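Enquirer: This is what each chain is made of:
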Amino acid sequence: MDKEEILKEARKAIIDADKAKAEELAKRAIAEGVDPLEMINKGFRAGITEVGDLFGRGELFLPELILSAEAMKGAADILTAALPKGTKKRRGKIVIGTAQGDIHDIGKSMVVSFLQANGLEVYDLGRDIETQKFIDKAQEVNADIIGMSALLTTTMSGQKALIQELKKAGLREKYKVMVGGAPATQRWADRIGADAYGIDAADAAKKAMELLGEG
Amino acid sequence: MKRFHIRMGDGSATELSESELKRDLEEGTRDAAERAKIPPLSQNELAYLFDVYSSPARFVGVDRGNEVIFSYDNGSAKSREDITEIPLHRVQEAQVYEKFLGADIADFGHIDYSFKPVKSIVTFEQQALEYALLVTTVPMFYGSQPNLGSYTQPDGPCPNPMELLPQGKIAEARAAQEEMMEHAVKDMVYVVSAMYESGADGFNFDTAGAAGDADFLATLRAVEILRKKYPQMAMMVGIAGEFILGMHGELTYDGVRVAGLYPHKQLELVEKAGATIFGPAINTNTDKSGAWNVARAVTFVKPCVENSHIPVHANMGMGLSGIPMADCPPVDAVSRASKAMVEITRLDGL
Ligand code: B12
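Protein chains in written order, with the working numbering: chain W, 1 to 215; chain C, 1 to 350.
Keep in mind the hints are simulated off the structure, nothing from the lab.
DSSO-like cross-link-like pairs, simulated, lysine-lysine; straight-line CA separation at most 30 Å:
#1 Lys133/W - Lys167/W
#2 Lys169/C - Lys137/W
#3 Lys42/W - Lys169/C
#4 Lys288/C - Lys160/W
#5 Lys133/W - Lys169/C
#6 Lys119/C - Lys272/C
#7 Lys27/W - Lys93/W
Restraint-style ranges between C-beta atoms, simulated for each label pair:
#8 Glu172/C - Gln139/W: 29 to 35 Å
#9 Val141/W - Glu271/C: 48 to 54 Å
#10 Glu271/C - Glu121/W: 44 to 50 Å
#11 Pro154/C - Asp77/W: 29 to 35 Å
#12 Ser42/C - Glu165/W: 51 to 57 Å
#13 Pro117/C - Lys168/W: 35 to 41 Å
#14 Lys99/C - Arg172/W: 49 to 55 Å
#15 Lys2/C - Gln139/W: 53 to 59 Å
#16 Asn307/C - Asp136/W: 49 to 55 Å
Keep in mind it's a predicted model, so treat the numbers as computed, not measured. C-beta atoms are modelled at their ideal positions from N, C-alpha and C, and glycine is treated no differently.
Use the sequences and the hints to build the structure in full.
Expert: This is the structure:
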């Protein structure tokens with residue numbers, strides 16, 4: 001198999017949610033000298049992005065999406081382990097939850113699956129979470145990114161508050177902040193000074209990888 | 001070059017040129033058509049939308065003769081819940097809806113607005129409803145959300161599928177949803193029966209499908225049971241979003257897979273179950289313009305109206321059907337979305 005073919009197969013294995021196949025392809029890519037990062041980004045991630053898109057159109061459902069995410073996680077684990085020494089970083093860590101006063105967690109849980117699929121270590125705080133708890137958890141686990149979801153125009157202010165609280169505590173530079181949820185937009189993210197905004201779960205994973213310098 | 005004042009989906013203002021506005025309208029209708037596999041709007045309809053959006057009027061209204069019914073949801077909690085924060089009693093609020101806001105059907109409900117919490121206080125609700133009925137004239141529906149999520153731990157007895165799924169526990173998540181459905185159907189039948197028997201003119205099942213396909217299916221089953229029990233009862237089923245999210249993925253109603261159904265297909269099942277009003281709800285995309293969102297929403301709703309045997313009342317709440325997702329959706333955007341929805345789809349109510 002040439003590289004293009006392996007990448008194409010990798011994409012397909014994720015869409016088919018075929019974990020065994022995905023892992024086998026990851027091993028084959030390493031054996032054949034394909035760059036592991038390229039294999040993740042252009043092969044497997046292309047697949048999971050398409051899965052996210054199919055879900056967003058109602059053509060594929062959450063259980064299938066989860067199976068695809070698991071297949072991707074398996075493959076991504078094998079590939080990250082094979083990254084050459086020196087370039088191998090520890091896994092990125094993200095603390096995520098839904099803003100205080102907000103119990104919408106469907107979208108946030110999808111984002112969690114996609115982040116895990118991309119090999120991130122995810123600390124999911126759940127829904128209706130006090131702003132301070134995001135910061136406490138990030139401090140506790142030494143996170144790289146804090147992500148906050150908000151589905152209500154009345155709770156999205158929690159995203160702004162998070163950034164203000166981080167500034168007050170002198171921790172703004174320590175963490176990247178990523179926001180999302182239906183009322184949020186790139187304009188909103190810019191206005192409150194967030195580092196990234198994700199329109200859907202695939203975009204959230206892409207932005208997280210960019211924030212970690214692995215995009 | 002002339003530029004037109006248009007709202008984005010989050011309510012912020014922008015200006016579009018003639019070609020940008022036309023492009024947004026075309027892309028919006030195409031997006032809906034492709035997703036739901038339905039026809040896009042015709043050139044005439046797009047030209048009509050262009051007129052609505054290029055009008056300099058602060059707000060617009062339907063032409064004389066095109067007026068429609070106004071029904072509401074969660075009506076008796078909006079003044080306190082939303083930006084207005086006027087501490088009205090819910091009975092007064094129902095009166096405000098009837099006497100100031102021109103409601104043709106008023107909606108009465110509990111602030112928790114879900115069947116599960118209402119079940120245990122249903123006798124108080126019966127009394128409150130009776131009083132509201134005595135001081136209003138328009139038909140009064142009692143409303144609640146099926147809200148299957150309220151049956152998950154820690155609020156309810158079932159494990160939470162949204163926690164199980166990311167752990168890959170798919171069979172467990174499906175079993176939990178099936179159990180949630182049983183509780184929900186029981187509660188819906190109980191609460192609706194109680195409220196109907198104490199005088200409600202009808203029932204509003206609001207945001208059906210919010211927790212996905214199980215949520216929608218539970219609602220259909222409850223409606224079916226209630227239809228047999230009360231052949232004359234009015235039942236409005238309002239939907240959560242433009243397609244039924246597949247949280248379970250394998251549930252069927254009358255042989256039709258529920259997950260992934262778009263409004264015109266949702267309608268068929270809602271009708272079959274025995275509801276008397278269908279309320280489609282289309283998501284607003286905050287990153288796109290109002291023109292894009294409304295062209296899209298109208299495209300989804302049009303085939304519902306064409307195929308339906310029951311009245312269709314589109315859900316034009318904030319963040320839905322092209323109404324901006326903003327604390328106080330601007331009147332220019334709300335009135336344009338409403339006019340377009342009514343005059344293109346010829347639906348029965350909003
Ligand atoms: C499901 C739902 C509920 C369920 C929630 C169940 C649950 N466990 O989540 C229930 C019934 C409980 C509910 C309750 C309420 N809801 Co509600 N709900 C919805 C609904 C129908 C769908 C939301 C959803 O899940 N979408 C699907 C997911 C997949 O999309 P998503 O959340 O946007 O997530 C994607 C992206 O945004 C992004 N993303 C999400 N989070 C993050 C985070 C990061 C960091 C990043 C990068 C990206 C990202 O990725 C996700 C995947 O692609 C919407 C209407 C609609 N159709 O949009 C209303 C809606 C959001 N609700 C609304 C309201 C008002 C409420 C209530 C106050 C009462 C009511 N009227 O229903 C209560 C609030 C309770 C509370 N305190 O939070 C309004 C909000 C309006 C506004 N101005 O804010 C809406 C728009 C409906 C309406 N007009 O009434 N709701």
